[in-house]
Amino acid sequence: SSWWSHVEMGPPDPILGVTEAFKRDTNSKKMNLGVGAYRDDNGKPYVLNCVRKAEAMIASKKMDKEYLPIGGLADFTRASAELALGENSEAFKSGRYVTVQGISGTGSLRIGANFLQRFFKSSRDVYLPKPSWGNHTPIFRDAGLQLQAYRYYDPKTCSLDFSGAMDDISKIPEKSIILLHACAHNPTGVDPRQEQWKELAALVKKRNLLVYFDMAYQGFASGDINRDAWAVRHFIEQGINIVLSQSYAKNMGLYGERAGAFTVICSDAEEAKRVESQLKILIRPMYSNPPLNGARIASIILNTPDLRKEWLMEVKGMADRIISMRTQLVSNLKKEGSSHNWQHITDQIGMFCFTGLKPEQVERLTKEFSIYMTKDGRISVAGVTSGNVGYLAHAIHQVTK
Amino acid sequence: LAAYRTDEGQPWVLPVVKKVEQMIANDNSLNHEYLPILGLPEFRANASRIALGDDSPAIKENRVGSVQSLGGTGALRIGAEFLRRWYNGNNNTATPVYISAPSWENHNSVFVDAGFKDIRTYHYWDAAKRGLDLQGLLDDMEKAPEFSIFILHACAHNPTGTDPTPDQWKQIAAVMKRRFLFPFFDSAYQGFASGSLDKDAWAVRYFVSEGFELFCAQSFSKNFGLYNERVGNLTVVGKDADNVQRVLSQMEKIVRTTWSNPPSQGARIVATTLSSPQLFAEWKDNVKTMADRVLLMRSELRSRLEALGTPGTWNHITEQIGMFSFTGLNPKQVEYMIKEKHIYLMASGRINMCGLTTKNLDYVAKSIHEAVTKIQ
Numbered sequence: 001s002s003w004w005s006h007v008e009m010g011p012p013d014p015i016l017g018v019t020e021a022f023k024r025d026t027n028s029k030k031m032n033l034g035v036g037a038y039r040d041d042n043g044k045p046y047v048l049n050c051v052r053k054a055e056a057m058i059a060s061k062k063m064d065k066e067y068l069p070i071g072g073l074a075d076f077t078r079a080s081a082e083l084a085l086g087e088n089s090e091a092f093k094s095g096r097y098v099t100v101q102g103i104s105g106t107g108s109l110r111i112g113a114n115f116l117q118r119f120f121k122s123s124r125d126v127y128l129p130k131p132s133w134g135n136h137t138p139i140f141r142d143a144g145l146q147l148q149a150y151r152y153y154d155p156k157t158c159s160l161d162f163s164g165a166m167d168d169i170s171k172i173p174e175k176s177i178i179l180l181h182a183c184a185h186n187p188t189g190v191d192p193r194q195e196q197w198k199e200l201a202a203l204v205k206k207r208n209l210l211v212y213f214d215m216a217y218q219g220f221a222s223g224d225i226n227r228d229a230w231a232v233r234h235f236i237e238q239g240i241n242i243v244l245s246q247s248y249a250k251n252m253g254l255y256g257e258r259a260g261a262f263t264v265i266c267s268d269a270e271e272a273k274r275v276e277s278q279l280k281i282l283i284r285p286m287y288s289n290p291p292l293n294g295a296r297i298a299s300i301i302l303n304t305p306d307l308r309k310e311w312l313m314e315v316k317g318m319a320d321r322i323i324s325m326r327t328q329l330v331s332n333l334k335k336e337g338s339s340h341n342w343q344h345i346t347d348q349i350g351m352f353c354f355t356g357l358k359p360e361q362v363e364r365l366t367k368e369f370s371i372y373m374t375k376d377g378r379i380s381v382a383g384v385t386s387g388n389v390g391y392l393a394h395a396i397h398q399v400t401k
Numbered sequence: 001l002a003a004y005r006t007d008e009g010q011p012w013v014l015p016v017v018k019k020v021e022q023m024i025a026n027d028n029s030l031n032h033e034y035l036p037i038l039g040l041p042e043f044r045a046n047a048s049r050i051a052l053g054d055d056s057p058a059i060k061e062n063r064v065g066s067v068q069s070l071g072g073t074g075a076l077r078i079g080a081e082f083l084r085r086w087y088n089g090n091n092n093t094a095t096p097v098y099i100s101a102p103s104w105e106n107h108n109s110v111f112v113d114a115g116f117k118d119i120r121t122y123h124y125w126d127a128a129k130r131g132l133d134l135q136g137l138l139d140d141m142e143k144a145p146e147f148s149i150f151i152l153h154a155c156a157h158n159p160t161g162t163d164p165t166p167d168q169w170k171q172i173a174a175v176m177k178r179r180f181l182f183p184f185f186d187s188a189y190q191g192f193a194s195g196s197l198d199k200d201a202w203a204v205r206y207f208v209s210e211g212f213e214l215f216c217a218q219s220f221s222k223n224f225g226l227y228n229e230r231v232g233n234l235t236v237v238g239k240d241a242d243n244v245q246r247v248l249s250q251m252e253k254i255v256r257t258t259w260s261n262p263p264s265q266g267a268r269i270v271a272t273t274l275s276s277p278q279l280f281a282e283w284k285d286n287v288k289t290m291a292d293r294v295l296l297m298r299s300e301l302r303s304r305l306e307a308l309g310t311p312g313t314w315n316h317i318t319e320q321i322g323m324f325s326f327t328g329l330n331p332k333q334v335e336y337m338i339k340e341k342h343i344y345l346m347a348s349g350r351i352n353m354c355g356l357t358t359k360n361l362d363y364v365a366k367s368i369h370e371a372v373t374k375i376q
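The listed protein sequences correspond, in order, to chains F and E. Counting from 1, position 156 in the first sequence corresponds to residue 156 in the UniProt record's numbering; the numbering is continuous, with no gaps. Counting from 1, position 324 in the second sequence corresponds to residue 324 in the UniProt record's numbering; the numbering is continuous, with no gaps.
Any given hint could be a false lead.
[What the hints assert, rightly or not] Here are some chain F residues pointing at chain E (derived, C-beta under 8 Å): (1) 5; (2) 43; (3) 57; (4) 312.
[As the list claims (entries may be wrong)] Using 27 Å as the maximum straight-line C-alpha spacing, the simulated BS3-like pairs for lysine-lysine come out as follows: (5) E/117 to F/121; (6) F/44 to F/29; (7) E/332 to E/366; (8) F/280 to E/332; (9) E/253 to F/375.
[As the list claims (entries may be wrong)] If you want the footprint, here are the derived chain E segments under chain F, 3+ residues with CB under 8 Å: (10) 77–89; (11) 187–193; (12) 242–251; (13) 262–268; (14) 330–343; (15) 364–372.
The set of hints was computed from the structure by calculation and includes no laboratory data. Don't be surprised by glycine CBs; every beta carbon is placed ideally from N, CA and C.
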């Protein structure tokens, strides 16, 4: 007999299931709109030129492979903080922050969650927007925290339920933890406008909530890194000492290299040092110290002026292609003769789009047209190309007319 | 931190690693897409094969699973998190976890942070005889509650450098089998210890042949010199394929909330190397180079101490194995070494053999001689 006889089979990953079914499909027109990675206009993965150049620099330098410090590559963490906070940020210049390298977005979120579980004694509750990225819930739960929700997405309008959000947030018990998506909300693509962010900041400040920003798409959402970080920077300027996780998976295409960072804005540099020491104590029994490759690529890009310029252009290129696909999808739907209001497709931002399609309609798209997406009607706009946007519009029109 | 050094006292990127990195850099078909949650398939299969052997019955019977992890630490953590959730009941945080006295200091933190509440030590190092306290170890296993978890160092025990002999491993395995104790191997030095991959994996393979279900956390930091790429693997050996499959499905859930999916660079290097007969042979050669240098430093240090007539016996220097050696120096003697001779070792008397070079051997030997004769 086995020690593991009672171990249950884990549930199948829903998104993986979509990809598996897609792979099995023999229809030449098939489309995979479940993919959470950027694709170029030929539907292929895209390795950024600035990344290739950084890699060539690394290869030529013949560096050693010595362990990084527990907190990661210093040039990377400093540049990462500066990218998020802005070079003119008072918090950045005064050094009243600590940034540690994390295993992309997930690893950074998890370090933060564990840190809050251990040191934020005021509350065990983390408030997520409804809906949020599927992995947020298990991450915080495994860290020992409890999950609550605030209204966010309005399925009737396919946009932000701002009054619902403000109403729910005003009732969150003081000193609870609230998670906000900095830009390109996943999975809805619905972001607050700057005026709405201002009201949200004032409210969370009034409620004395601990704000946890998840920024996985800086630059990738609007094409402008400063614009995408506006909310993060505004909150800090309002005196809200946030915690923040960043990912370079999408905006630098470094997915499998796992480059990310976790930041705590502190009262002063001395507090930051104490926080840093505790973060290291959390990291060491998890994986000792982080992987170098992705962080070094990102660091070289951020710290080399020419490469940074090139990166900014390339990330804008990716964002622009996504925005263009949204525009073309809407215009193609109009051309098909659809009478529905598809404005939310262009109002939403980032990689994902909540189409508003119902499960039965999604099922028809898959069965009749070999178009694969998750049951909630979410599509990855990254999977749309100028070559297949017409087909997609046609199919959507067929199932919604 | 412990890392290999050449005879010039420099870090060493293995020649085969440089070669494979260049191959990867030149391959424009490669991209940076996400790996699967459990890691690069070619890495996982090859890594477990290295630990268990090409002819492993467990592999043939399809009852081996692998989880690519962030170094050996990451593999330990995933294993610990799984055990806390699924071993000896559900979420049984009271299951005792036994760690050798002494051990790598991070072992304790890994299991504490994974949620275990009852962490104990088992007798291991006998300071008086400067060797393994086998009787103490076996006694602890006899007295341990059934189903307790034991962290075993597969080879090159850190920090003592003292390993059980094959015969002693057999005795250990017999007690563990009778008392239903769970073996969790930490294998951070395979190949690096003796120079032979097979020899360094003997204990793990013996336990498998005795029918144990076990975990083995593997690190490729030292034997591939890939320290900062965080290349590790958790090998899971179960009773049959079905059990292993369910275990992996639950480990996937744990990985998903810890790092989602592992880094690709290091795994690619290892997978490419292990799956090419030529590169594999080169790698074994590189590993032997490192192991041989350490073995040479051990024998040279011992012979100098014996030639100097340094009080005490020094055979433990060559009988111990791996990167570290428990010299037997007491804290006062260690202080002397550090303050007067500027030779840095741990308060425990642990020395990193990689720090020895042909240039400094004489000085180190003389210093140890002074410390032992001047300070009691």
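Each hint tested on the structure:
1. 5: Hint on residue 5 of chain F: holds, closest Cβ of chain E at ~7 Å, below 8 Å.
2. 43: Violated, about 13 Å.
3. 57: Since chain E brings no Cβ nearer than about 11 Å to residue 57 of chain F, farther than 8 Å, the hint is violated.
4. 312: violated (19 Å)
5. E/117 to F/121: holds (21 Å)
6. F/44 to F/29: holds (15 Å)
7. E/332 to E/366: This hinted pair holds, its Cα atoms lying about 17 Å apart.
8. F/280 to E/332: Judged against 27 Å, a Cα distance of about 31 Å means the pair is violated.
9. E/253 to F/375: holds (21 Å)
10. 77–89: The restraint on the region 77–89 of chain E holds, since 4 of its residues have a Cβ under 8 Å from chain F and three suffice.
11. 187–193: n = 0 at 8 Å, threshold three: violated.
12. 242–251: holds (count 7)
13. 262–268: n = 5 at 8 Å, threshold three: holds.
14. 330–343: violated (count 0)
15. 364–372: Our answer is that it is violated, as 0 residues pass the Cβ test (under 8 Å) against chain F, missing three.
Hints 2, 3, 4, 8, 11, 14, 15 from the list above are not met by this structure, while the remaining hints are.
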